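Enquirer: Residue numbers (this note's numbering), protein chains in the order written: chain F, 1 to 421; chain X, 422 to 842.
Wrong hints could be hidden among the right ones.
[Stated by the list, open to error] 30 Å max Cα-Cα, derived BS3-like pairs, lysine-lysine:
| id | chain 1 | residue 1 | chain 2 | residue 2 |
| --- | --- | --- | --- | --- |
| 1 | F | Lys-400 | F | Lys-214 |
| 2 | X | Lys-514 | X | Lys-563 |
| 3 | X | Lys-635 | F | Lys-220 |
| 4 | X | Lys-696 | X | Lys-768 |
| 5 | F | Lys-176 | X | Lys-647 |
| 6 | F | Lys-177 | X | Lys-700 |
| 7 | F | Lys-66 | F | Lys-226 |
| 8 | X | Lys-641 | F | Lys-275 |
| 9 | F | Lys-271 | X | Lys-821 |
| 10 | X | Lys-700 | F | Lys-275 |
| 11 | F | Lys-9 | X | Lys-548 |
| 12 | F | Lys-129 | X | Lys-597 |
| 13 | X | Lys-550 | F | Lys-275 |
| 14 | F | Lys-275 | X | Lys-597 |
[As the list claims (entries may be wrong)] Just a few of them, taken from the derived set where beta-carbon distance is under 8 Å, the chain X residues facing chain F:
| id | residue |
| --- | --- |
| 15 | Ala-610 |
| 16 | Val-660 |
| 17 | Arg-661 |
Hints in this document: simulated from the structure, not taken from any laboratory.
If you're wondering where the values come from, they're calculated on a predicted model, not measured in any experiment.
The beta carbon of each residue, even a glycine, is placed where N, CA and C say it ideally should be.
2 protein chains.
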Amino acid sequence: MGEIENLIKERERLHALLDFGHKVSMKILNLDDLLKLIMAEARNILNADRCTVFIRDFDTNTLWSKIADGLGKREIRLPVGKGIVGVVAATGKILNIKDAYSDSRFDIETDRKTGYRTKTILSSPMKNKDGEILGVFQVLNKKDGTFNEEDEKILSLLSRQAADAIENAFLYEEQKKMFESFIETLSYALDRRDALTAGHSRRVTYFSVKVGEKLALSPKDLEILKYSSWMHDLGKIGVRENILAKPGKLTDEEFEKMKQHAEYTREILEKIYFKKEYKSIPLIASSHHENIDGTGYPGKLKATSIPFFSRIIAVCDVFDALTSKRHYRQPMPILGVLGILKNDTGKKFDPLCVEAFFKISLCDIVRGINLGKVENFVVYSQDEKILNENTLEDLFLILKSGDLTPGQNEIVSAFMKYYGK
Amino acid sequence: MGEIENLIKERERLHALLDFGHKVSMKILNLDDLLKLIMAEARNILNADRCTVFIRDFDTNTLWSKIADGLGKREIRLPVGKGIVGVVAATGKILNIKDAYSDSRFDIETDRKTGYRTKTILSSPMKNKDGEILGVFQVLNKKDGTFNEEDEKILSLLSRQAADAIENAFLYEEQKKMFESFIETLSYALDRRDALTAGHSRRVTYFSVKVGEKLALSPKDLEILKYSSWMHDLGKIGVRENILAKPGKLTDEEFEKMKQHAEYTREILEKIYFKKEYKSIPLIASSHHENIDGTGYPGKLKATSIPFFSRIIAVCDVFDALTSKRHYRQPMPILGVLGILKNDTGKKFDPLCVEAFFKISLCDIVRGINLGKVENFVVYSQDEKILNENTLEDLFLILKSGDLTPGQNEIVSAFMKYYGK
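Only chain F is shown next, with the shape it has when bound in the complex (with noise of 0.2 Å):
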C-alpha cells in the first residue's frame, strides 16, 4: 500500500476514535451501557471478532468480566498476575498474542466451557489519571490475520478512552449511591423514633415503586418516585415525641400536629437543592395526605392538582399503616384493609393508583409488609409459586365471596402465613 493510502486509512480509523470518544463521553449515567458500547466499537474498529472488558476489583484485586461476548451468564474472574489478562493488569503492558494454544500463560478453561476457539488476542490495560490500572480490555481473534503494531497503537488509544469514561461513570454513580444510602438511612433512622413506625418508609417505598412498575413508568420516573417516597414523613423531624409515639390515640389538637409533619416535609425538602429534573419532589413528597376530593392535607388539593406520584404514596402510606401495629390497635385484618382501600377509591384515593396496586402479586406484598419487621425474611420455596401467580385483587375477591373452592383456601392459606406478624 502506498504512503496516501496508509494516512488516508488511518485518517478514517482517528475519526473513527474521535466519534467514539464522543459515544462514550456521553454514557457517565449508566456503566453498563458505556461498556457494552465500548465493545461494540472495538469489535469495529480493529475488525475482531469478540471482545470483553475487565474490571479490576481492588478489594480482592481480581478482575471480571463485567460484560463478554458469548460468555451468557458466566463470568470469568482471574488474580491480577494469572492468564494473559491477569499479566497485562500485573505489568501494565499490552500484549500482542498470535497463537494463544501456544502461549503457556494463557488459559484454556474459558475455552473449555464455551465451546470458542480463542487464536489471536490483543490485552490491553485500561489506566486512570492517576495511571492506576482499572481493568483490561481485550480483543480475540482478529478476522483478517493477526493483530499488527498498528491495531496495539488504536487499542491503546481506545483503551485510555475507555478508561476514562469508566472512571466518570463510576466518580458519578459514586456519587450517587452515596446521596441515596444518605436519604436511606436518615429516612429509617427517624422512622426508628416510634418502635411502631420503624421501617416505614422502608416499606411505603417498596410498595410505590412496585406500583410505578405496574404504571410502566420510566427509570428517572421510578428514581423520583423512590427518593419521594423515602422522604415522605422527613417532616416527622418536627413533631415532638409525645406525640409521635403517643402509647394510644391522638387527641384533636394533638392530632393537627401531628399533621403539620406533611408541611414540614415540604418546608424542609425545598432547603434542599435538587437538580431540574428532581424539583417536583418536594411538592411530591409532602403531598402524600392529600385526598383527590379535597379533604385531605395540608393543602387539600383536588384530584390532578395533587402531583400524580403523591397519589400512588397515598395508597401505600395507608396499606403500610393499616397492616402495620399501631399504639392504639393491632395490625388490622386483611379484607379490612383491603375494604377501606376500595371503599376510598375516588374519594380519597386515585382509582388509577388502587388498580395498579391491586395488581401486585401476593408473594411482592408479603415482602413488603414484612420489610423491616422480620430479620432474614422469607417466603418458603413451596408457596411462592401460588403467591407470585395471585395478585392482591385475586386475594380481595377471593376473601369477599366468602364461600373459598380447596383451590382458593390454599392461595389465602399461602398468604396468611405471612401476614400480620
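Knowing the structure of chain F, use the given hints to seat chain X on it.
Expert: Structure of chain X alone, referenced to chain F:
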C-alpha cells in the same frame, strides 16, 4: 502543499484532538480547571490568540463568559440571538468571521472596554447529547491569516468534546451539590429539635473549616472535615427529647444517655455508603468527644489514636457550646471560654488544633458565633478592619493582661459588640 503533507498535518491535529479528549475527560471533578484547559488547547491547536468559553444560562436564556482570555474579572453576558456568539447559540451553526468590524452582528462594546482589537472570529456551538446548546466555544485572531474550512472542522470536533466534558462535569457537580445540600439541611433540621442547639452543627462546621484552612489542609481533606462536622451530632436522632431538650441540668443517668449520641452517630454513618476517600467519616464524626488524655467517650481513645479531624471538631464543638446559651446557663464570658480551651490543651485538646483555632481572626469568630442565631448578621464596616487584623489569641492575651491600653480597648469593644447575642 502536497496531498501527503496535508494528510500528515491532519494526522497531527487528529492526534492532538484525541489527546485533548483524554485531558478533558479527566477533568470531571473541577469545571473551572476544565474550562481553562479547553481554552489553552483551543488556542494551541487552532493557532489563535484568544479564546472564550460561553456557558448558557437556561433560566434567563443568556450566554455568559465563565472564563475568557484578557477579560480579567469582567464578564460578557448577552442574550441568545444577540451578537456573534448569541447568533451561534440561536442557530446552532458555526460562524467564521473574516473581519469582525465589518460584520453588523459584532458587538464592539467588549473591545472598547478591554482595548483589544478583534479581527477574525471562529465561533462554534457546544451541543449536548440531546442536541441542546450548552454554550459557545469561540476563538479570536488567528495568528497566520483567517480561519479556514479545516479550522472549522477542528473547532466543531473540539466543541463536541468540550460539550461532553462540560455536561459530565455539570452532572457530577449537581449530584455532589445535592448530596452536600441534603447532609447540611438534615443536620440543621435535627439541631432544631432543641431550640438552643439550633445552628450548632452549622457553626461547628464553620469553625472546623477555618481551623483546617489555618492548618493548610488540602481541598479534599477540607471536604472530609466539613462533612464530618455537619454530621457529628447526627446520632442525636437516637436521643429522646426529654433528655435532649431538658430545661435544666441533666442527672448522671440522663447524661449517660445523652453521651450515647456519639456511638449512634457512628452506627448511623456506618450504614451509609461512602466512597473510598470518605470511608473515615463515620469514625471522625463519632469521635468528637474523645479527649487526648483518654478520658473522653465513646472509645476512651488517646492522643494519636483519635482521628486528627475529630480533634479539630472537638475544640470547635466545645467553643460553640460554651459561647451559646444552654438550658442551665447563659453564654459564658469570652475570657472564661478561652481560659477553658487553654486550660484543657494537652488534656482534652490537641495543642496543634487549639493553636490553629486561636489563629482565627476575630472577624471570622464573631461571624461564626452568630451563624444561625442572628438573622442577616453583619459586621459593621467600621469594625471590620480591626476585627480582621486581630486573632482570638490577641484577644486572649489582651483580656488576660487586664490593664488595657486605648488601642486594646478598641479591639475588645469591637469584639464585644457582636458577642453573646
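Enquirer: Please work out if Lys-550(X) and Lys-275(F) have their alpha carbons no farther apart than 30 Å.
Expert: 18 Å, holds
Enquirer: With chain F as the partner, please determine if Ala-610(X) meets the hint condition of a C-beta pair closer than 8 Å.
Expert: Result: holds, 5 Å to nearest chain F Cβ.
Enquirer: CA of Lys-635(X) to CA of Lys-220(F), is that 30 Å or under?
Expert: 43 Å, violated
Enquirer: Quick one, are Lys-514(X) and Lys-563(X) close enough, alpha carbons at most 30 Å?
Expert: With Cα atoms ~20 Å apart, Lys-514(X) and Lys-563(X) stay inside 30 Å; holds.
Enquirer: Is the Cα-Cα distance between Lys-400(F) and Lys-214(F) 30 Å or less?
Expert: 24 Å, holds
Enquirer: Quick one, are Lys-275(F) and Lys-597(X) close enough, alpha carbons at most 30 Å?
Expert: 10 Å, holds
Enquirer: Is it true that the CA of Lys-176(F) sits at most 30 Å from the CA of Lys-647(X)?
Expert: Holds, because 19 Å separates the two Cα atoms, which is no more than 30 Å.
Enquirer: Please work out if Lys-641(X) and Lys-275(F) have their alpha carbons no farther apart than 30 Å.
Expert: 23 Å, holds
Enquirer: Lys-129(F) and Lys-597(X): Cα distance at most 30 Å?
Expert: 21 Å, holds
Enquirer: Going straight from one Cα to the other, do Lys-9(F) and Lys-548(X) come out at no more than 30 Å?
Expert: At roughly 28 Å apart (the allowed maximum being 30 Å), Lys-548(X) and Lys-9(F) satisfy the hint.
Enquirer: For the pair we were handed, Lys-177(F) and Lys-700(X), check the Cα-Cα distance against 30 Å.
Expert: Within the cut-off at roughly 14 Å; holds.
Enquirer: Against the 30 Å threshold, does the CA-CA distance of Lys-700(X) and Lys-275(F) hold or violate the hint?
Expert: 26 Å, holds
Checked against the numbered hints given earlier, this structure breaks hints 3, 4, 9, 16; the rest are met.
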